[in-house]
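Student: Please model the entire structure based on the sequences and the hints provided.
Protein chains: 2
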Amino acid sequence: MSGYKGYIDTKFKPNKKYLIAEYTFEPSKGISFEKAANHIAGESSIGTWVNVGTLNAKIKKTLRPYIFYVNEKRKTIKVAYHQDLFEEGNMPQILSSIGGNIFGMNSIKTLRLEDISFPEKLLKSFKGPSFGIQGIRKLLGVKKRPLVGTIVKPKVGLNEKEHAKVAYNSWAGGCDVVKDDENLSSMTFNKFKKRIALTLKMRDKAEKETGEKKIYMPNITAETFEMIKRAKYVKSLGGKYIMVDIITMGWAALQTIRDQNFKMVMHAHRAGHAALTRGNQGYSMLTVAKVARLIGVDQLHIGTAHVGKMEGSTLEIQDIERVIEDKSIKENSNRHVLQQDWLNIKPVFAVASGGLHPGSVSRLIERMGTDIIIQAGGGIHWNPRGSKYGAMGMRQAVNAVMLGISLKEYAKTHRELKEALDKFGEYKG
Amino acid sequence: MSGYKGYIDTKFKPNKKYLIAEYTFEPSKGISFEKAANHIAGESSIGTWVNVGTLNAKIKKTLRPYIFYVNEKRKTIKVAYHQDLFEEGNMPQILSSIGGNIFGMNSIKTLRLEDISFPEKLLKSFKGPSFGIQGIRKLLGVKKRPLVGTIVKPKVGLNEKEHAKVAYNSWAGGCDVVKDDENLSSMTFNKFKKRIALTLKMRDKAEKETGEKKIYMPNITAETFEMIKRAKYVKSLGGKYIMVDIITMGWAALQTIRDQNFKMVMHAHRAGHAALTRGNQGYSMLTVAKVARLIGVDQLHIGTAHVGKMEGSTLEIQDIERVIEDKSIKENSNRHVLQQDWLNIKPVFAVASGGLHPGSVSRLIERMGTDIIIQAGGGIHWNPRGSKYGAMGMRQAVNAVMLGISLKEYAKTHRELKEALDKFGEYKG
Numbered sequence: 001m002s003g004y005k006g007y008i009d010t011k012f013k014p015n016k017k018y019l020i021a022e023y024t025f026e027p028s029k030g031i032s033f034e035k036a037a038n039h040i041a042g043e044s045s046i047g048t049w050v051n052v053g054t055l056n057a058k059i060k061k062t063l064r065p066y067i068f069y070v071n072e073k074r075k076t077i078k079v080a081y082h083q084d085l086f087e088e089g090n091m092p093q094i095l096s097s098i099g100g101n102i103f104g105m106n107s108i109k110t111l112r113l114e115d116i117s118f119p120e121k122l123l124k125s126f127k128g129p130s131f132g133i134q135g136i137r138k139l140l141g142v143k144k145r146p147l148v149g150t151i152v153k154p155k156v157g158l159n160e161k162e163h164a165k166v167a168y169n170s171w172a173g174g175c176d177v178v179k180d181d182e183n184l185s186s187m188t189f190n191k192f193k194k195r196i197a198l199t200l201k202m203r204d205k206a207e208k209e210t211g212e213k214k215i216y217m218p219n220i221t222a223e224t225f226e227m228i229k230r231a232k233y234v235k236s237l238g239g240k241y242i243m244v245d246i247i248t249m250g251w252a253a254l255q256t257i258r259d260q261n262f263k264m265v266m267h268a269h270r271a272g273h274a275a276l277t278r279g280n281q282g283y284s285m286l287t288v289a290k291v292a293r294l295i296g297v298d299q300l301h302i303g304t305a306h307v308g309k310m311e312g313s314t315l316e317i318q319d320i321e322r323v324i325e326d327k328s329i330k331e332n333s334n335r336h337v338l339q340q341d342w343l344n345i346k347p348v349f350a351v352a353s354g355g356l357h358p359g360s361v362s363r364l365i366e367r368m369g370t371d372i373i374i375q376a377g378g379g380i381h382w383n384p385r386g387s388k389y390g391a392m393g394m395r396q397a398v399n400a401v402m403l404g405i406s407l408k409e410y411a412k413t414h415r416e417l418k419e420a421l422d423k424f425g426e427y428k429g
Numbered sequence: 001m002s003g004y005k006g007y008i009d010t011k012f013k014p015n016k017k018y019l020i021a022e023y024t025f026e027p028s029k030g031i032s033f034e035k036a037a038n039h040i041a042g043e044s045s046i047g048t049w050v051n052v053g054t055l056n057a058k059i060k061k062t063l064r065p066y067i068f069y070v071n072e073k074r075k076t077i078k079v080a081y082h083q084d085l086f087e088e089g090n091m092p093q094i095l096s097s098i099g100g101n102i103f104g105m106n107s108i109k110t111l112r113l114e115d116i117s118f119p120e121k122l123l124k125s126f127k128g129p130s131f132g133i134q135g136i137r138k139l140l141g142v143k144k145r146p147l148v149g150t151i152v153k154p155k156v157g158l159n160e161k162e163h164a165k166v167a168y169n170s171w172a173g174g175c176d177v178v179k180d181d182e183n184l185s186s187m188t189f190n191k192f193k194k195r196i197a198l199t200l201k202m203r204d205k206a207e208k209e210t211g212e213k214k215i216y217m218p219n220i221t222a223e224t225f226e227m228i229k230r231a232k233y234v235k236s237l238g239g240k241y242i243m244v245d246i247i248t249m250g251w252a253a254l255q256t257i258r259d260q261n262f263k264m265v266m267h268a269h270r271a272g273h274a275a276l277t278r279g280n281q282g283y284s285m286l287t288v289a290k291v292a293r294l295i296g297v298d299q300l301h302i303g304t305a306h307v308g309k310m311e312g313s314t315l316e317i318q319d320i321e322r323v324i325e326d327k328s329i330k331e332n333s334n335r336h337v338l339q340q341d342w343l344n345i346k347p348v349f350a351v352a353s354g355g356l357h358p359g360s361v362s363r364l365i366e367r368m369g370t371d372i373i374i375q376a377g378g379g380i381h382w383n384p385r386g387s388k389y390g391a392m393g394m395r396q397a398v399n400a401v402m403l404g405i406s407l408k409e410y411a412k413t414h415r416e417l418k419e420a421l422d423k424f425g426e427y428k429g
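Just so you know, the protein sequences line up as chains A and B, in that order. Sequential numbering of the first sequence, starting at 1, is according to my numbering. Sequential numbering of the second sequence, starting at 1, is according to my numbering.
It cannot be assumed that every hint is accurate.
What the hints assert, rightly or not - Mimicking DSS-like on lysine-lysine, the simulated pairs with C-alpha atoms at most 27 Å apart in a straight line are: (1) A/232 / B/229; (2) A/60 / B/388; (3) A/121 / B/194; (4) A/60 / B/423; (5) B/201 / B/191; (6) A/109 / B/428; (7) B/29 / A/109; (8) A/58 / B/193; (9) A/388 / B/61; (10) B/229 / A/263; (11) B/232 / A/127; (12) B/428 / A/29; (13) B/58 / A/193; (14) B/143 / B/388; (15) B/121 / A/194; (16) A/35 / B/423; (17) B/35 / A/428.
Source of the hints: derived by calculation from the structure; they are not laboratory data. None of the values given here were measured: they were computed from a predicted structure.
Tutor: Listed below in C-alpha cells is the structure:
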C-alpha cells in the first residue's frame, strides 16, 4: 500500500483547481485493483512505497490525489491531482509526475495514460499553436478543401538539387505542401542549408507558374540550438514553415522552439510515437496530441483512420482529431476521453499521412472531414511519368470529392487520377 | 513488400561504416517474418510502401539497409545501416530513422528496438559523460564503496526550508548524495531558487560537520532555456551537480544541456522510461541507457535488479550496467546485446533506486557491484526518529558489506541498521 492509504474517494468532485488523468491498467498478480490504483496515484504525486515521517498532515490534506472514478471491469481509474503539484509552463515536470515512474512499478503489469484534462491555470501557462487551422488557410488562400501534400521520396538519398526538383514537380502537379521526411536533416549527401535554399527557390518558381501559394516544410530536427539556427536560416530565405520530429526531439525542446515565436507554421511529425502509444503500456496518442496542441504545434500527424500503412482505428483517430481541432471537448468515458475547454488555444491542423494514394481520398475525407492535410509520398512519386503526374492524380481526387463526384466518374476525364486508380484501386475498407 | 525488395542478406558482413540495430518483433497476421523484416529495414532508411520513380540506382546501392541476421524463432533481426543515413551529433535524427515510424506500421504487431551499435564516426560526434565514475569518485574522495544517496520525501509538498532540513539530516546521518525527486521543480510552495540556496547552505554545514564531501542534486528539469538558467544558478551558488529527467525532457534538450559544458555532474533520472521500455513494444532500457551515455549523462537510474519496487530482471540490469560502465561490450545474441567499443567515452555511474532499504544492500551489491549509487527514499525517511537515523542505517549497511560482515551481525552493534532490519527484514530474493 502507498504512503498514504485510501486515495480512493468516488464521492469527490474535482473543482477547477484539479488536473485529471485517466489511466487504464492491469495490476500484477496478487495485487488488488484498488491497491494498484493507490500505488499509481501515490507514486505520481506525494507517495512512496512506505510511510515516511517527513510527510506532514498539511501536505496530506492539500496535495493528496483523489481517485474519484474506479471501474475495474473497464480497468479504468480517473485521478484528480491538485494543480499545485505541477509547475506552470513545464511540460516535462507535468509528465514526470503523471506519466513518469508509475509505468515501471512492480505492482502493475501494464499501464496506459489515456488522457489528461488540464485545469485553466496550467492551460494558460502554455502558448498553443501560433497559426492554427485558420491561420494556415489564410496563409494559403485555401478556404475549404483539404490541403494536398507530399513527402519527398526516397526518404533520404537524393542530393539537394534532386530534392528541389522532386519538390518542384510535386508543386507543379498540384501539391500545396512539400515536406522533408522525418529522417532527413543535414546529411553528407544533402546539406540542410543548400537544400533549403534550392527548394525554396523552386517553391517561388512553382508559385509564379501556378498562381497558387506553395508550402515547403524543412525538417529542422536536431539539438535545440541547432534547431533554432536552422529555423532562423529558413526564415531568412523567406520560408514560412518549419517541421520538427516532436517525439525524438522531446518536450523541453518543443517548448523552446515554440517559445521563439518565429511566426512560422510548425509542422509536427510524430516519428516514434508508436513506441509509446501502441498497445496497453505507455501514453495514448490522444495524450500525445493534446500535449502537442497545448505546447503549440500548428500541424500534427494523427494517422489515416485505417486508410493507409499505419495502425490506428477510425474511432480513435476521430477522437484525436476532435481533441486537436475543437474548442471544447466532451467527456466520453467509453472512449477514454476527458472533458477539456481549450479557451484561447487554437486548433491544430490534422495531418493524415502514411500509405495514402488518390484512391484513399474519398474514404479518408468521409472519416476525417475536410480540415485535414492529406500527405502522400509513395502515392504520388510512384507515377512512372514523374511526380508531377502523381501529384495531379492526388489533387484531382481531392477536387472530385469536393465537387461531390465519385473518383471513378471523375477519372473518366482526368487521366492522372485514372492512372492512380488503375494502379491502387479505390480504398473501400 | 517494401520499396526495395530483399534487404535480407545474411552473408553481408557490416564494416566499420555501419550502424547496427537489433530488433525483436512479431509480424501482423498474414504477414511473413521476412516481409515484415523488410518493411522495418525499408521504412527506417530509404524505403516506403510502394516503388517510387525517384529512388535511383545509386541510392539503392549506397544507402540500402542490410538485414544480415535473421532468427525467426527468436523473433530477432539485425540490420546494418550505412552511417551516411545518419547525421553526426543529431540523436533525434538517428532515432527518427531507426526508432521512428516503424513502430506504427500495420505490418507488425509488436516491435522492440533492443540495441544499437554505433560506428566510430557517429560515436565520436557525441561527447559522453564529462565526469564519469572516476571523476565523481575523485570529487567525493570515495574510492571503492558504493555511494549512499537519498531522495527528499515526500516527493513534493515540503517547503524550501523543510526540504533543506530533510537534506541536512540525511547528510548528517551518512548520505553522500541528496537529490530532489523527479517531479519537484519550481513549485508554488517550494521555489527552485530558494530551495537550492537553502539546501546548498545545509550541504556546506553537513560537509563541515562530517568532514565528508556531500552532494546535492537539484532537479533543473524544465524547458531548455529555463534549464540552462537553473543550471547556471546552481553553479553560481557553488553547486557541483544538476539532475534532469531525460525521458520527459527529451533527447534534443539533453544534448543541449550536455553541450553547455557546465563542468557539473549530470544526474539522469529516467521517469517515464517504462512507458517506452517495458513490454515488447518500444525501446529496450539498454538502448535508452546507451543513448544517454553517448550524449553524456554522468549518472543514470538503471533499476534495482529485482531488489526494489521497480520492475527489471537481474540479467537485464546487469547487461545495462555493463553497457554504461565498460569500455568494450561483447556481442551476446542470446541477450540482445550488440558489440560496442566506447573509445574515449567515459563510463556512467549506475544508480539503483526505487523501494530500497538497508536490508536490500547486501543482495544489491552482490548483483550490481560496488560501482553504484544506492538511493533510498522511503528506506531512509521511514525512521520514526528522523531521516538522520534512517540514513545511518543505510550507511551502516553499506559499511557492513564492504567489511565483509553480514548485515545481521553488524546490526548487533549498530542500532540504526537493526531498526531498519526489524522494520524491513533482509532481502534474500
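Student: Against which earlier hints does the structure fall short, listed by number upward?
Tutor: none
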